[in-house]
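> One-letter residues, chain by chain:
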Amino acid sequence: MSIRFPIRTTAVRWSLIGLLLIGGFLGLVMFGRGGSTAQAAPLPGIHVRAIPAFARKYGLPCSACHTAWPELNNFGQVFRDNGYQLGNERDSPIWQNPSYFPVTFRMTPQWHRESTNNLAVDSIPGGGPGSTFVSGKVQQNGFDLSGMDLWTAGTLYRNISFSLLPSADSTGAFHFEAAWVRFDNLKGSNWLNLKVGKFELDNLISEKRFLFLSANGGIYQTYHYDVPGTINDFGYGDNQLGVELAGHSKNSYTRYSVSVLSSNDGNVGFTSGSGAPSNRGYDVNLAFSQAFNGGSLGLQRIGAFGYFGQRPTYYQSSTGSDGSTVALIGFGNKPFYRVGVGGDFFLKKLEFLPSIMYGHDNAYLGAGVPSTSPLPAGAKAPAFLGGFLESHYYVSPQLVFFGRFERIGVSQQAFVNGGFPNDYGNVTAYAVGYRWYPIMFSRAGLAWHSEYSIAKSNGFLPLSGNGGGLQVFSVANPVWSSSVMLGFDFDF
Amino acid sequence: MGVASVFIAGSPADFAQERHVGKLAGNAGSGKQLYRRFCIGCHGPQGDGNGENAPWIDPKPRDFTAATFKCRSTPTGTLPTDEDLDHAVQRGFVTTNMPSWNPLTPQQRADLVAYVKTFSPRWGTEKPGTPISIPRETPANIDNILHGRELFQKMECWKCHGPEGHGDGPSASTLTDSKDNPIRPYNFSTGSRFKCGETNQDLYRIFMTGVDGTPMPSFADVIQPNDAWDLVHFLRTLQDLRTPESVVWKKYAAEHAKDMKPIGPNAGGGR
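As given, the protein sequences belong to chains A and B, one line each in that order.
Reminder that position 100 of the first sequence reads as 100 in this note's numbering, one-by-one numbering, no gaps.
Heads up: take any position in the second sequence, counting from 1, add 1000, and you land on this note's numbering.
Treat the hints as calculated values from the structure; they're not laboratory data.
Be a bit skeptical, because a hint or two may be false.
[Stated by the list, open to error] Simulated pairs of lysine to aspartate or glutamate, EDC-like, Cα-Cα distance not exceeding 20 Å:
no., chain 1, residue 1, chain 2, residue 2
1, B, Lys1179, B, Glu1052
2, B, Lys1060, A, Glu89
3, A, Lys187, B, Asp1240
Model, not experiment: these values are computed from the prediction.
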């Protein structure tokens, strides 16, 4: 797979984007010099985490637990692994002022521009006589809101921790992004911690805590990718429902987790993401990582993971009161898996986060036919190889520049000779930006966020951007989706 | 908190100086960045313990400008070694807001130590004290424990720490630290750790070096090393832990409860 610089645009457009990013920064510098206080910004498609309620509880600045919030540093990782406890005999709620309530709000007022091309649009805006569908670009810009996180987490008692994260999209529609209780340090051992509920998989590189917020940059494409055509709805970046046994060394240099999860991608009410009923199966996720002291370079960590799941291929059904067919329970489970390796490497202030994932679905999932039926001619088990290289440069605890390159290649289409180009489904994505934290203390967090991101997917809609739900005009051509985002990310 | 104050987190001394923790050379320049990231909220930009959280913290954060440190291997009144400071950072202080910074790399801690030493001019004019020597520990037998109990009475430890070691002695409510902040004596019945460690050697070291900046004095000139060890053995019986001393003590106490004199005013002795 060749790697090409993807942005086919004019110098004028580049100049505009540059002005926005740089101008935004300068504006904030002026704003900061004015001594005013400010308000913040968030994440359109994804929800990320930082909880100044902990900073308030322990009197530590955000930067104590985060390289740049919301990304955790090793101190924050140890704190989290210990069940949100510092171990100074002041962790239990009994030590807190009764008025203390560990809740945080996060949102991102922003200006952003979204653009996606190769979409089927009417040739005459508004339609009418003579209008046909042609290949066109959908571009929009303006001031907007992100979703909102309303997160509470902490300790219920010594060695019993919890997290509850009702999360809203930008319209205010809530769902439960996370809800779990964790029994920490069972038998007095760091190596035994049991979590039950809905939670993020134990990723070495967390999508929930990363620095990207724009519509196209705000997800790891690899974490949510399924080969086009498959009926598998799994996303490695989606929070899952189940139970997790995890452990770690005292300093969290060594970490492991084993999770048993419902086979429905974290959806509640025994349903899958598509609204169809889930099966009665369970998936398993395994994760392990090991960190090494890199001396003056910093901490170096490598890890591996494997997710082994199953999804239904048909449903037991019944007839509803209106005579319609009602799907009841998923049957005919067929397997899939995702395996990968990742790392977190520091060269002093420069951090690299590489990750590679291989995904494989059973041919029945790829073909979307019941397991009781023969496979159609040409049906193959779809597979892909994806990965990214992310980098952060921490100028100071209050200023970080970041960038990411991501590539997904379909190594096996769901159908041979299916009429699609060989590179159908491949994805390439880039994102760059910076975050500036004009305040950094233990009561709240505020960041000025500037980001540009672009994703190219061959012949189908990207997982991100503003083309969702629309029709691609030509599967023979790539779809480009780009975002520019400037906003205030605040967390209180 | 002003934006500017974060950016100008200043240091009165030379950032370029290096300090050594073991084989590691700490760099104050790197330590400044780390201090700003991890420590500034409590210890303040000037290292004087007046960080934004200080008003709500009890006990108060350490004032590095005074260069008075509780936990040392060096005699009372002297500066601690770099290793002492590193151990404090690594261990944290139980029952305070100071957590264990063990998750930091050894190099990062060495850099922090180097930077902390820039806050007081004492580091430029004085050398750290010589670490005290710790002799061989006496056996944890009943005779030594009872001798330690006598010393606990005789040296009036109970006046602050209480007859049962609960930190509720008659003087407890009157105690203040060197900055006139109220301070509570250690309650031996809670937890397994002391502020300056958790081993018998750590407890011995506390007796002999004192806890500078608090009313807890050094007993180096008052008692002999063997006496200090016996006191260590007795104090271990006050903890709600299963220690070699507590096993011996519980057996003895069950058999001789009627014969033992209580600790406290007018007790006159330990047995």
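> Would you mind marking each hint as holding or not holding in the structure?
Structure-based check of each hint:
{"no.": "1", "hint": "Lys1179/B / Glu1052/B", "in the structure": "holds (18 Å)"}
{"no.": "2", "hint": "Lys1060/B / Glu89/A", "in the structure": "holds (16 Å)"}
{"no.": "3", "hint": "Lys187/A / Asp1240/B", "in the structure": "holds (18 Å)"}
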